[in-house]
Amino acid sequence: MSLKPRRVDFDGTWKLLKETLEGVITCGSVQRVTWNDRFSDVYRLCTALPEPHGDNLYQSTKEFLESHVRNLLSTITSTGEEHMLELYHRHWECYNTGAGYLNQLYGYLNNTYIKKQKYSDADVNYGVFPVDTDCLLEIGELAKDIWKNLMIDPIKNRLVILILQEIAKDRIGYDVNQTVIHSVVTSFVDVSEYKKKTPLELYQEIFETQFLKETGDFYRHEAARLKAECTCSDYLEKVIQRLDNENFRSRKFLHSTSYAKVTQEVQARMVADLIDFLHGEC
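Quick note: the sequence shown uses full-length UniProt numbering, first residue 1, plus one each step.
Keep in mind the hints are simulated off the structure, nothing from the lab. Predicted model, so just to flag it, every value in this text is computed and none were measured. Note that beta-carbon positions come from the ideal geometry of N, C-alpha and C, so glycine has one too. Don't take every hint at face value.
Listed below are the simulated DSSO-like cross-link pairs for lysine-lysine, each with C-alpha atoms no more than 30 Å apart in a straight line [to be verified]:
1) K227 <-> K148
2) K4 <-> K15
3) K252 <-> K213
4) K261 <-> K156
5) K115 <-> K227
6) K227 <-> K252
7) K227 <-> K238
8) K18 <-> K195
9) K169 <-> K261
10) K4 <-> K62
For each label pair, taking beta carbons as the anchor points, the in silico distance ranges come out as [what the hints assert, rightly or not]:
11) T209 <-> N111: 37 to 45 Å
12) T112 <-> G28: 27 to 35 Å
13) L200 <-> T231: 20 to 28 Å
14) P199 <-> W35: 50 to 58 Å
15) I155 <-> K4: 43 to 51 Å
16) E214 <-> P5: 56 to 64 Å
17) T231 <-> E93: 42 to 50 Å
18) R249 <-> G107: 37 to 45 Å
Generate the whole structure from the sequences, applying the supplied hints.
Right under this line is the structure:
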């Protein structure tokens, strides 16, 4: 590959690049020689004369990803509720993997065109600039941001309801698909991990808050039931069992930052709320 800048037909080059993008983002097969050629195409577009095509490449890639995610959303929402989590999981895992490869493919664009316009970690961490800015995202980040805006936001309520239903089934002994639930929950974190100060904001807002509320409600009723059935010493043994079970469940389904919060919620409902009973009977 010649590194010398030259004139490039954007439309013709983009057509070839787009075909490869379609293969990558759907986890299809891409020949090594084709992959290498597309690396060269990205470089040539970014160094083209008389003007680089970085803007056009970024915008065209953004539009391609948006169209792809909209099509996936249509596919996922057209299925029955009983299959939605499984279908979301399957498409997310493929898309997320493909986005990682696209980020590599667009390495030259990321390093020479996008990073020059991004604020540094220090700028964000020390408040030189606001957290939410209009600066360009690297292609991998862009792909995840598009998934968040065009996939998660439109169906987040449906997804969370289905997740909570599955976890509720797990609590009472039904078999559920741990891989699917964990994948969907983790996607709420993965799509925002590039945000320096608020990587968990989406996860906490749309899922964790509701999950902790339902966990508290469940163990409030569980505490009342066990109080009526058990002696104090038996009750305390049941509390330890429930804590162990819920800690294990947290590690199956949740982000690690939720573990302590779940433990605290169970303790509050089963111990703190019944402290008078425990002091009087034990």
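Here is what the structure says about each hint:
Between the alpha carbons of K227 and K148 the distance comes to roughly 44 Å, so the proposed pair goes past 30 Å and is violated. Proposed proximity of K4 and K15 is supported: the alpha carbons are some 22 Å apart, at most 30 Å. A threshold of 30 Å between alpha carbons decides the hint, and for K252 with K213 the separation of about 19 Å falls inside it, so the pair holds. For the given pair, K261 sits about 22 Å from K156 by alpha-carbon distance, which is consistent with the 30 Å threshold.
Taken as a hint, the K115 and K227 pair is broken in the structure, with Cα atoms around 59 Å apart against an allowance of 30 Å. Simply put, K227 and K252 have alpha-carbon atoms about 28 Å apart, close enough for the 30 Å limit, and the pair holds. Distance check on the hinted pair: K227 and K238 sit about 10 Å apart at the alpha-carbon level, within 30 Å; holds. Taking the CA atoms of K18 and K195, the gap is about 28 Å. The hint holds against a cut of 30 Å.
Of the supplied pair hints, the one linking K169 and K261 holds, its CA atoms being roughly 21 Å apart against a limit of 30 Å. Under the criterion of a C-alpha separation no larger than 30 Å, the hint pairing K4 with K62 is consistent with the structure, at around 27 Å. Between T209 and N111 the C-beta distance comes to about 38 Å, which sits within the given range of 37 to 45 Å. Taking the beta carbon of each, T112 and G28 are about 28 Å apart, inside 27 to 35 Å as hinted.
About 41 Å separates the C-beta atoms of L200 and T231, a value inconsistent with the hinted range of 20 to 28 Å. In this structure the hint that P199 and W35 lie 50 to 58 Å apart at CB is violated, the actual value being about 30 Å. Roughly 48 Å separates the CB atoms of I155 and K4, a value that falls within the hinted 43 to 51 Å. Checked against the hint of 56 to 64 Å, the pair E214 and P5 passes, with Cβ atoms roughly 58 Å apart.
For the pair T231 and E93, the supplied restraint of 42 to 50 Å holds, since their beta-carbon distance comes to about 48 Å. R249 and G107 have their C-beta atoms about 40 Å apart, which keeps the hinted 37 to 45 Å range intact.
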